[in-house]
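Line by line, the protein sequences are chains A and B.
For the first sequence, our numbering assigns the number 274 to the initial residue and increments by one for each residue that follows.
For the second sequence, our numbering assigns the number 1150 to the initial residue and increments by one for each residue that follows.
These are calculated hints, taken from the structure and not from any lab test.
Treat the hints loosely; a few may be bogus.
These stretches of chain A come out as covered by chain B in the derived footprint (C-beta under 8 Å, 3 or more residues) [what the hints assert, rightly or not]:
id	region
1	372–381
2	399–409
3	1081–1089
In silico contact screen, one side only, chain A against chain B (beta carbon under 10 Å); selected entries [claimed, not checked]:
id	residue
4	SER450
5	ASN453
6	TYR456
7	ARG518
8	ARG964
9	ALA973
Listed next, the in silico DSS-like pairs over lysine-lysine satisfying Cα-Cα at most 25 Å (straight line) [what the hints assert, rightly or not]:
id	chain 1	residue 1	chain 2	residue 2
10	A	LYS1152	A	LYS826
11	A	LYS686	A	LYS646
12	A	LYS765	A	LYS719
13	B	LYS1292	A	LYS408
14	A	LYS611	A	LYS578
15	A	LYS359	A	LYS1019
16	B	LYS1310	A	LYS490
17	B	LYS1310	A	LYS401
18	B	LYS1274	A	LYS978
19	B	LYS1301	A	LYS408
20	B	LYS1310	A	LYS408
21	B	LYS1301	A	LYS485
22	A	LYS401	B	LYS1292
23	A	LYS646	A	LYS765
For every residue, glycine included, the Cβ atom is placed at its ideal position computed from N, Cα and C.
Here is what each chain is made of, one letter per residue.
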Amino acid sequence: MTDKVTIHIDGVAHEVQAGINLLQACLNLQIDMPYFCWHPAMGSAGSCRQCAVMHYQNAEDTRGRLVMSCMTPVMDGMIVSMANEKAVGFRATAIEAIMTNHPHDCPVCEEGGDCHLQDMTLISGHIKRQYPGTKRTHLNQQLGPFLNHEMNRCIGCYRCVRFYKDYCGGDDFNVFSSRNRIYFGRAESGTLENEFAGNLAEVCPTGVFTDKPFSLKFSRKWDLATSPTVCTNCSVGCNTYTAERGGVLRKINNRHNADVNAHFLCDRGRYGYEHVNHNDRLEKPWKRNNEQQKVEVLNASSAAKQVTDWFSQGDTVAVGSARSALENNAALLKLAGKGNFYAGVTDVELEQLNLLTQAAHNLSLLSLTNIEKCDALLMVGEDVTHTAPRLALAIRQMTRNAGLDKAAKFGIKPWQDEAVRNIAQDTRSPFYALNTHATRLADVAKQNIYLPPARQLSLLLEVEALLSFPDDKDIASKEAVAIAEDLLAAKKPALVTGTNGANPQILAACIRISTLLAQKNENSGFYCATGQANTMALGILSDSNQGLDALIKRLEDKAPKTLIVMETDLYRYFSDDVLDTLLDKVTNIVVLDQLLTRTAQMADLVLPTTSYAESHGCWINAEGRLQQSFATMAAIKARLPAVQWLQSLSGCHTNEQVLAWCAQTYSELAPVQQLLETSGSDFVIARQPLRSTGRTAINAGIDVKEYPPAQDLGSQLEFSMEGVPAFRQHQLKEFTSPPTGVWSPKWNSSQGINKQLESNDSSNNNGILLFANKTTDASSNLETDKSAISSDGLSICPNHHIYADDELATYSTSIQQLIPTATATMCQAQADSLGVKNGEPVAFKGKGHSLELPCAIMPDVCEGVVLVPMQQFRQLGNKATLTTAVRSAS
Amino acid sequence: MMSQIRTLISILKHSFTKTDTVQYPEEKPYLSPRYRGRIVLTRDPDGEERCVACNLCSVACPVDCISVEKAETEDGRWMADTFRINFSRCIMCGFCEEACPTHAIQLTPDVEMGEYNRQNLVYEKEHLLIDGPGKYHDYNFYKVCGKAIGGKEKGEALNEKPPIDIRSLMP
Ligand code: SF4
Ligand code: SF4
Ligand code: SF4
Ligand code: SF4
Ligand code: FES
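With these hints in hand, go ahead and build the complete structure from the sequences.
Have a look at this one:
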């Protein structure tokens, strides 16, 4: 437990956590202290003058002096007054001054109803405008597909620039000009480059930055039904609020989880939801009728019966999905049987997942919050900015620790942001980025090392050797020595890698290094980003080597009678040339999916499944954290969760039954039992806020009769205002779902969360860690294949991209606009030795597939490597070769 | 006895006074312009739709019978994509009119809305929108608000300075 101090606010003594600032202490105590420039993740700036209180020297002091509570550390015995007339007057004047230039925009402002400025204005007591003068105005900028810019509404709190520049390291956004003319934006219009720019919509307390895709299907906050969900766009598993009205998914907001994403999401996660509303979504079951060359729409029961018929004929093979909930995969696995279940990932990825799950109990897998606390970090094999974006933001914060320590020596607290930055300057905790090419974290790295995979591996072997024998420096390279020294010297060293580089050798080496480190330092840790949101679930469920490549082999050997493909688009992994003929040999293809993918187009029977926004489910993130996600809206049309489609075959009719089966069958999943035991209370919970509008009109255009809201049988959440509202949920001891929204009296904007941080930190809603129990299992074969080190010649490596790689995210129009064109990227020297020029085609071959990409020259790609976008890399496989005729360099 | 006689006299007297009841519908009573009857959506003095789909009327409505969905024109003007009032629920309280920041929604002295079929009491935007400004002749919200729309650039609203040149070095 942290230390406590006693402070007296307006004559009442309170016990608060030591070391924090007075503002945060007040908010923790549920006192409505107004503020603008403070942010829990970015600390205090003391610039808005909104949080003033009267501070008295001692009990005799009657005059006191005004202090900014965000800049004042709490001290034992401190006496302050918030209600003091002068303090109240000061705050009222400050807000009045801020509002003199504020436009008369609320009705046409996306922030209205979710506006921190509206809340603070009322809390500070400024009701009527007295200032008769004119208002300053600003021109806006076009900032790309994610954000609107409406500069008139700026109150100059600096939160945006402190977030974008200081917190995210973005360099294309800044504050310009001076005093009343101050301007926050880019030097000129253009898309914001940072991958976390979308957070500005939440960080900015006003309507300057608002969510652009949301604005196109706008709804006030008081109308949005929300539920706690888990982001399904990558393996980090950030916690989100998904908001819906009228069956349309409107927007994603951050949901605070102190162990994962805390206050921020990446833009892939924030904007990658549009597949739920997409035109190509599947809504009805249908069957192909080959004789009549047409498609018949079926009803649910005949569709389910059709699968049962086909299944009962035997010889069924099933494919699970990395973008579907644990329950769906487990049900499918249960019905198909282990031998016939193939995980919807490549064999290489499955191999890596098995390495990881076997070693996981011995490694300490770090949460993002723990990564932020590390003081030395080695990132290997991939740029996590593109594969597990939120993790990269955590690593960026980790590099600040040396600076924070330096400031702490002078007694400066971490939240005294300006002072810390002044002292820290460029002091950074050592962070090494080992990759084939430049990463987005290059600016904070102590050293960026660009090497082909084989040489990355030999460097890792050197590091490994040095960790065991630190004195053998002369046989190792400079880089290896530096890395080993920093890792050994650190109090909390960490290693971050991923499975997306498709290189099991590198992962094995990383696991060995982490194991070594863990033996030397129990505070060390490890993080391995995996491919998709539930890849880890597949890793746990299928310990054999049955991935998609194995599936193809099985189809080649002998096509099964029935193939059930669940939420996996095989065409993302194999080319048409390979798949078309193979799928033709299968008699019955059943596809369960939410979208009309290429694979669904090949199906004989399509069963439409629910998206994450319409179903409950468990998701296991890269650190083995199992998190529950709750449906936001009722299933659209005839969609059903896969568990329901398969219920008669799997024998499990509800998610609980599937989970119970999982808990019994898999030792890793035994902790799931907790969920089954704790769900159950007499209360129901409302998804809609207290003031939802238009309930007797929204559907009246179709039928004036009012029908009862849809029932949710799978949880205690109601699709209506019925039940306990979000802000009272913490009073329900026995209920285990996180609150369905952020709202509390006087705090309409989601900044109200800052009053709940303390209770959130200690809540048990942060997920179940599956690998928390240390075991002493014999570790698997992690030996390095020596031939992997010596393999000289050209490596074809994946080039990840945050917006291009995730299948579901690419259905969002906003995200599509930022997908780069596919190129074969290499450095000048490599291009010269291949004899290609910028823009000329380069041909590749792999997995029975050939393709051509234009060459793009980029600095900071190591020699011996040609980068291919992940999507194309997946289809070529990791044994792809170059088929371009190498011209003699003349 | 006395009281019965008093009653008889009083009734007789009433037989000669003018009736308050009129022969509706042949004869119609006067309802003042601010009477709270059928709701309309009005236009600003320039003839543009006033409603900006801010949803304040719908949130003020105690029976939740207004449903509004926002749309935005190319030039930045917010307007209602859907505007639906379910008059079978409306209690003519006038809260929506009070809440409306643009004077778009107004109640009128028309109370003759009876229908045999309840569905016919659901009014869409096309049924609500009238051609004039209603009771408030002059107000034009977009002349006051800071958002630029076609024909009104930044700095051209009431009480606004021209947009700041952030590259200027003048003090
Ligand atoms: S930022 Fe807030 S106060 Fe300002 S116009 Fe928008 S909603 Fe109103
Ligand atoms: S743009 Fe928003 S966050 Fe930035 S200074 Fe203005 S009000 Fe604050
Ligand atoms: S980092 Fe991953 S989980 Fe988090 S918001 Fe982004 S895509 Fe979603
Ligand atoms: S009628 Fe008025 S209050 Fe209602 S949405 Fe339109 S502008 Fe807003
Ligand atoms: S929050 Fe304290 S001065 Fe801004």
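Tested hints:
With a cut-off of 8 Å between beta carbons, the region 372–381 of chain A has 6 residues touching chain B; three or more are needed, and the interface restraint holds. Proximity of the region 399–409 of chain A to chain B, defined as three or more residues with a beta carbon under 8 Å from a beta carbon of that chain, is established by the 4 residues found. Look at the region 1081–1089 of chain A against chain B: 0 of its residues bring a Cβ nearer than 8 Å to a Cβ of that chain, fewer than three, so the hint is violated. The beta carbon of A:SER450 is positioned within 10 Å of a beta carbon in chain B (closest approach about 4 Å), and the interface hint is therefore held.
With 10 Å as the threshold, the beta carbon of A:ASN453 comes within range of chain B, its nearest partner Cβ sitting at about 8 Å, so the hint holds. Look at A:TYR456: its Cβ gets to within about 4 Å of chain B, closer than 10 Å, so that hint holds up. Interface restraint check for A:ARG518: the shortest CB-CB distance to chain B comes to about 9 Å, inside 10 Å, so the restraint holds. Annotation: A:ARG964 was flagged as interfacial toward chain B, and the flag holds, the nearest CB pair being 6 Å apart, inside 10 Å.
For A:ALA973, the interface hint holds, since its Cβ comes within 10 Å of a Cβ in chain B; the closest pair sits about 4 Å apart. Between A:LYS1152 and A:LYS826, the direct Cα distance comes to roughly 16 Å. Compliance with the 25 Å bound is thereby established for this hinted pair. Taken as a hint, the A:LYS686 and A:LYS646 pair is honoured in the structure, with Cα atoms around 15 Å apart against an allowance of 25 Å. Straight-line distance between C-alpha atoms of A:LYS765 and A:LYS719 comes to about 17 Å, which keeps the hinted pair within the 25 Å bound.
Only pairs whose Cα atoms come within 25 Å are accepted, and B:LYS1292 paired with A:LYS408 is accepted, the gap being roughly 14 Å. Restraint check for A:LYS611 and A:LYS578: satisfied, since their Cα atoms lie roughly 23 Å apart, inside the 25 Å limit. A threshold of 25 Å between alpha carbons decides the hint, and for A:LYS359 with A:LYS1019 the separation of about 23 Å falls inside it, so the pair holds. Proposed proximity of B:LYS1310 and A:LYS490 is contradicted: the alpha carbons are some 32 Å apart, above 25 Å.
Pair hint B:LYS1310 plus A:LYS401 holds up; C-alpha atoms about 21 Å apart against a cutoff of 25 Å. Our distance criterion of 25 Å between C-alpha atoms is met by B:LYS1274 and A:LYS978, whose separation comes to about 20 Å. A C-alpha spacing of about 16 Å is found between B:LYS1301 and A:LYS408, which places the hinted pair at or below 25 Å, so the restraint holds. Taking the CA atoms of B:LYS1310 and A:LYS408, the gap is about 6 Å. The hint holds against a cut of 25 Å.
Our distance criterion of 25 Å between C-alpha atoms is met by B:LYS1301 and A:LYS485, whose separation comes to about 22 Å. A distance of roughly 20 Å separates the Cα atoms of A:LYS401 and B:LYS1292; the hinted pair therefore holds under the 25 Å criterion. For the hint pairing A:LYS646 with A:LYS765, the CA-to-CA distance comes to about 8 Å; that is within 25 Å, so the pair holds.
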